[in-house]
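**Q** Quick mapping for you: the protein sequence lines, in order, are chains A and B.
Position one of the first sequence corresponds to residue 517 (the numbering used here), numbered consecutively onward.
Position one of the second sequence corresponds to residue 942 (the numbering used here), numbered consecutively onward.
Among the clues, some could well be false.
Derived EDC-like pairs: lysine to aspartate or glutamate, alpha-carbon spacing no greater than 20 Å straight-line [what the hints assert, rightly or not]:
{"id": "1", "chain 1": "A", "residue 1": "Lys523", "chain 2": "B", "residue 2": "Glu1513"}
{"id": "2", "chain 1": "A", "residue 1": "Lys562", "chain 2": "B", "residue 2": "Glu1543"}
{"id": "3", "chain 1": "A", "residue 1": "Lys523", "chain 2": "B", "residue 2": "Asp1079"}
{"id": "4", "chain 1": "B", "residue 1": "Lys1046", "chain 2": "A", "residue 2": "Glu704"}
{"id": "5", "chain 1": "A", "residue 1": "Lys689", "chain 2": "B", "residue 2": "Asp1175"}
{"id": "6", "chain 1": "A", "residue 1": "Lys523", "chain 2": "B", "residue 2": "Asp1175"}
{"id": "7", "chain 1": "B", "residue 1": "Lys1533", "chain 2": "B", "residue 2": "Asp1547"}
{"id": "8", "chain 1": "A", "residue 1": "Lys689", "chain 2": "B", "residue 2": "Glu1543"}
{"id": "9", "chain 1": "B", "residue 1": "Lys964", "chain 2": "A", "residue 2": "Glu731"}
It is worth saying that the hints were derived from the structure and are not from the lab.
Fair warning: this is a prediction, and the values are worked out from it, not measured in the lab.
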Amino acid sequence: MSFTHLKALEYESIHIIREVASEFQNPVMLYSIGKDSAVMLHLARKAFYPSRLPFPLMHIDTSWKFREMIEFRDKMAKDYELDLIVHTNESGLAHNVNPFTHGSSLYTQIMKTDALKEALTAHKFDAAFGGARRDEEKSRAKERIFSFRTANHGWDPKNQRPELWNLFNTRIKPGESIRVFPLSNWTEQDIWQYIMLEKIPIVPLYFAKERPVVERDGTLIMVDDDRLPLKDNEVPQMKLVRFRTLGCYPLTGAIESPATTLEAIFEEMLVARTSERQGRMIDHDDSASMEKKKREGYF
Amino acid sequence: MTDIATGNISAADGRRLSQSEDKRDILHFLTCGSVDDGKSTLIGRLLYDSKTIFEDQMSALEAVSRKHGTTGEDIDLALLLDGLQAEQEQGITIDVAYRFFATDKRKFVVADTPGHEQYTRNMATGASNCDLAVILIDARKGVLTQTRRHSFINSLLGVRHVVLAINKMDLVDYSQATFDGILSDYQALAESFDFDSIMAIPISARFGDNVVVQSNNMAWYQGPSLMSYLETIDVAKADRALPFRFPVQWVNRPNLNFRGFSGTVASGHARVGDELVVAKSGKTSRIKSIVTMDGDLEELEAGQAVTLTLEDEIDISRGDMLSASKQRPCVTDQISAHLIWMDNARLLVGRPYLVKMGTQQVQATVTALKHKLDVNDFSSRTAGKALEMNEIGLCNLSFAEPLAMDAYEENRNTGSFILIDRFSNQTVAAGLVRFGLRRADNIHWQSVDVDKFARSKALGQRPRLLWFTGLSGSGKSTIANLVEKLLHQEGKHTYLLDGDNVRHGLNRDLGFTDIDRVENIRRVGEVSKLMVDAGLIVLSAFISPYRAERQLAREMLEEGEFVEIFVDTPLEICEARDVKGLYAKARSGAIKNFTGIDAPYEAPLDPDIHLKTDEISAEEAAAKIVAYLMETAG
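In isolation and in its complexed conformation, chain B is listed as follows (with noise of 0.2 Å):
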């Protein structure tokens, strides 16, 4: 036991403290349970009970205890934690927060993770960086679902130490047998874990039994209280062991007799000397210098922030990972991952997003879903098109370039990446690397004599995709039609796609919910793109409601063989026009998913040519394209 528990850090550990000896570490840890379970007041007793409180804010404490507390007279620790005023209000937390405290042995960082509303993606979020979990489980209720939930999001990102907390022990008469119970229905389930190690204490938050000092009420327990266990045990992670990883985060170049690669060394331990390979170039060199301000280094190892130099001048960027010579990463642009969801809008199959791994960001796409795992009854997997917010499900993804990665499960720091929306700009996805599908050198594209500049020099046109997008009834695919006959009379060879020759064929199996719709213009992109290669002008005309896909088709040509043409007429118009009758099925609910009316249309923002068909003809607006690609057609 430590001082602590009685007051505050004496005068003398503050001389220490205050010394170069002070050789403290920093355990960071999370707490898993809901505010029935008591979490944010075993939280609140540890800040409590380690002098973390400071007389100003338990003053402001026991103000709002009066105002929003649940335990009467007594002050509300659990009131301490809830920061922002709404969740104050609301009497939950709905968030990450994040705690210290220290005692003389060691640093605390506590992230406080809610057992509520979207708990998957917080949770994850804050076991993250974290590792060791406390698990709460009310002793009245033993083992229950969010009890198995906890442990497999804390399996699956990797902490591998968990200390049961089993509180409320005061309201079960402090019973050796309810916590043998507990301890081994826990033990059975944790079989499909892989901890390294599980610790339960009986405590009681409310009244501090085990929590800071042994409980004088549980005579029968012998083992540690939870912040002396806390406080010792050893969690060092074998980052150290592992194959060196150097990603490279800022080349710092002050003048031309100094070029050095910052990053943060993410695993292992190298020396001057020593031979690294740039995972992607695959070219090699040794380290000269390990620099830093004060002063050079003889060695690093994971986790130190430093700048090195090598022997050679190799080309190396921010985003390329330096690594051990012998023991290479895997770079592949094909992966096999689990993905947890975070944000309100779902996955889509197909849908480009950009990834960000390591220093390492590209654009990426979720090839297939293979399945989903259920959080609370992990061993069972659905199948499923798209992740919901706080879903996790297994996938494959392809990436625009090759990454260089390892596996999540032997290197948490380089298997581990996120996804950002390409529009929303939003942090979308967590994912963990479990392997790569294949070397991406593999799957190069053939180079072949014949390529699309020998088909379209013979053709004698610039070969072209000319997107038309707009609501349905627009005009699209009249305009098509007149911009191919003008096109046909030059003696240019063209194709137009559309719904009628699409749908009925090579999109027979599709409908129109949103991830039909992506799918859609998904093949109706690559088709185009193996027609423009074929060296023809390709006229595509969908309505193409979302902005993502529109964009997707862009990057698979290559710069100005895409044009998007928005066909820019007014619901209103379209609907008196209706010249298939849709709009009043729409409208009688006898369609679903109509563009307009109960789907969305993202306009364009930057449309290469802009028609606003209430102000032109038809003709006109034909006229209009074709005048666009002469000019454009050098």
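Only chain A is shown next, with the shape it has when bound in the complex (with noise of 0.2 Å):
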């Protein structure tokens, strides 16, 4: 091969890409509007340019994103012609579940995972492409492309479809679905890299700014508006930090960091000591909370 590994990962994706488009019914991608959704829908467009995407988007809105994640993902359905579909759970949202009252696990269940389930089962997808990678996390590491669920939407370890050379099974029962990844062999290296090397854009929150923050647990929560219950003796303090991961901004840590630019981006991470996920509040409960999560059919 003369080509270099962002090439190769590239290349792997857009065939992966076109072979959903092509064997199934009722593609969609679901779209976190973070990074690595934002390399994902990128690729799609490569996929099948001059061709539009021959499917929707779609984006689980819980809610409490930050909100230049939102004026973002709207963005870029305007400036790609991207036919989005925006899906929050009416029923958790009428009763008020949010990250404080009912703890950030089942606000997880009910706001992300349940509306997850729901919105597919609803628009009756029988394929749904996700961000995630295989270097992110144990349980992912030997997740399939091509990710069976049951109709339920489960995910069993156990019964997942061998995968040889770049020959994927996409053949399903009327209701049974398939998760693909098409990132699955990037790592976060090469997102950050291949984000600079193509030029595309990512949401501001990346990047390091004065934002206000208050510390909890030793975590930096941005107040991101005026539904943030403060304690007593917490007030929001200006200081220049930025996101490695997005997600609701109550559970989503911030670092501090002075990196304006992709190329400072991208140094701090090949100095960085903990990865990524860290961030991400809802992997700490145990070790094989991700693991126990894929299995109720969180993404």
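Since each chain sits alone in its own frame, please combine them into the complex, following the hints.
**A** Written out as structure tokens, the structure reads:
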């Protein structure tokens, strides 16, 4: 091969994305607005150029995403003429389910996992792209690129199909579905390098800026709006921070950093000593929490 | 040596890597060996020493080590890899896991495959995308049966480079004689295989000797450490030098003015203006443009995902393969291939499956199992009628339509396929094409002037196959006999096939095992098909317990000719009737594999006619069938 690892990864992902568009009746791309989604969307545009994307994007909006994420999402949809579906768990919203009174675990279950399952069922999607990577977390390392889900969206690690060469078995029965991970073989480094090389737009929250934060259990939480209940001794302070990963703002830790450019972010990452998921509070429960969530239908 | 050995990628390297001059490529390799050989420890060591493990993962690892570890106070690097909860508790890796690490020379993807249970299935899966295999050997044990097995599977799957990592050198006093002995044993073994390179490295995964840094304990070894060897070995495949192959994945049609064919180049290279042929149709055209979102290209090569446009408007769709017109692939519907069986349900010769080969997907049948290969002693061949999970067989396959392909030995991308079970949808086998058995166009049926249409017109009836399925004693033959009488009275030409007139003659050689049942029904289907072709209304009354075989019979005929009639009588009633005394014998164990007792019956999901014999009489059932035939005679 005379091309670089990034080109090799790009070609592999494009192949996967095209395979899904060809073999499924009704695929959808889950769009979380983060850097991995940005890369996945970019690859999908490359896969079908000069055609438009032959499937919609879907964002599961928990109503607690950073405001800048929502702005960015809507701008992307407009600029790239995307067919964007936004889904929120309405009954959760009506019951004001939030990370504070319900706890992060139940909140995630209702506003993310349940909302996702609800949307997949309602739209009868038979394949859903996700931006997960195998290097993120141990239980992901064994995940297939085409991950089979039962009619209840459950994942059974013992009942997954072997994947050989680049031949993907796309056969399913009515109601069943496949989650597809075109970025399986990318690492965090690859993602950042590719964003730099391809000049892919990302949410400004990834870059350092003075932002109002409070410190909770050693994590810096950004006060993105007035819904964050402040404890008595908590006073938001302006700090130069950025985010390595994006999600619901009350559950996403910021890091103190002066990195305002992609180059600076990349250099910081090369010397970083903690993995990116550390900023995500849902992974800390116990070492097998991701596996449990996936069995229940989490992405 | 890189500075990875002593620390992180430096800031200067970081700046360089962040720029477009990063030309690092990816090496995909797999590790073969069991937990006992220290395989997980070795991968853990590569990740740990290349600083791929982060602090938070490290602290999680320390906690887990205390709970499940096997290395006392030390961190158990093997636990880093065992991702899934159940596996952690069992202490074994039971699947293929993918790991990633990088140095400033190269990026690596490691397929971590287990040495224990289901080794063949998992190792073949891992090897299918790898260019190099690290085969672990415990220095205390030397070349074992599993070493032979690992080498055989790698060789079969086309992995051409081997690193022999002779581990646990610390436990044999870092002895050169031990190392030399193992290497010479392995070289003798490797003569049976087609490897391009073999590199033996003495290591201690637990203590890190020769893994990343060169060991001070083995001054006699002058070669590179495992990491520096992996960083520098040239595995550049000959893919670019092979004939051009471009399986069309997706027809790109944004508007009336643009018609492109999207896909990934499977092998070879081509440039604008080159002549290509559509393998199956033989139509040719020239490349007009090579389109990407980053601008048009002048040329392209193996691995690239692009969109091609052609000079001429020729009929091309997904599943077609654009190929070099002077070096065409084999187009055939009959092949000889190796199958690696991967499912709990075994291969049954004669049962229809789906084959997925590149972007082509059609129905396939294994027509013969020539012999099985022993993965431990690959030179020995045994005969057999079925392939079980983890067995490898040399088979003949027949496809419903001709497919374009090359031999796996020559081209991994166009010579590989998978088989899918049509009912469970599981991937049941990995296939490697050896060669096409004959050109498909030589075996097309001779078209004859007097055809089925002419014959059925002469007989004044629509030919049919009435397929009665149901448990033994459900009343299939009784109802079939009544139907035949009614049809005969109407002046129709019929023939009744049942166990009595088939089992005693044509199928005298068959018993009641699941393999024989499949073959029994296949033959009945073929005979019925000939009789339908002769214009007759055929009544076939067989238990035919499996959906797959009934479906096979249905697909032999034209749409609407096959009428599936489910004679639905509850087991208790059949058993109470027990006309031939068979249920009593089955219950007593005197008859084995009796449907409903100790062999399964898969009821039709959507029969054309469903007869509940506990609700209607045999006469009513027969009348219902005749009425159905009249209604659909048009």
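**Q** Does B:Asp1079 sit within 20 Å of A:Lys523, going by the straight-line distance between their CA atoms?
**A** The hint is violated at about 38 Å.
**Q** Hint check: A:Lys562 vs B:Glu1543, CA-CA at most 20 Å. Holds or violated?
**A** Not satisfied, since the Cα-Cα distance of roughly 46 Å exceeds 20 Å.
**Q** Does B:Asp1175 lie within 20 Å of A:Lys523 when you go C-alpha to C-alpha?
**A** Holds, at about 18 Å.
**Q** Would you mind confirming whether the straight-line C-alpha gap from B:Lys964 to A:Glu731 stays at or under 20 Å?
**A** violated (41 Å)
**Q** Is the hinted pair A:Lys523 and B:Glu1513 satisfied, with a Cα-Cα distance of at most 20 Å?
**A** Distance of about 65 Å is beyond 20 Å: violated.
**Q** With the threshold set at 20 Å, check whether the alpha-carbon distance from B:Lys1533 to B:Asp1547 stays at or below it.
**A** Roughly 29 Å separates the two Cα atoms, so the pair is violated.
**Q** Given the hinted pair A:Lys689 and B:Asp1175, is their alpha-carbon gap at most 20 Å?
**A** Status violated; Cα separation ~44 Å.
**Q** Taking 20 Å as the top limit, are the C-alpha atoms of A:Lys689 and B:Glu1543 close enough?
**A** It holds: about 17 Å lies between the C-alpha atoms, which stays within 20 Å.
**Q** For the pair we were handed, B:Lys1046 and A:Glu704, check the Cα-Cα distance against 20 Å.
**A** holds (17 Å)
The structure is inconsistent with the numbered hints 1, 2, 3, 5, 7, 9, although it conforms to all the rest.
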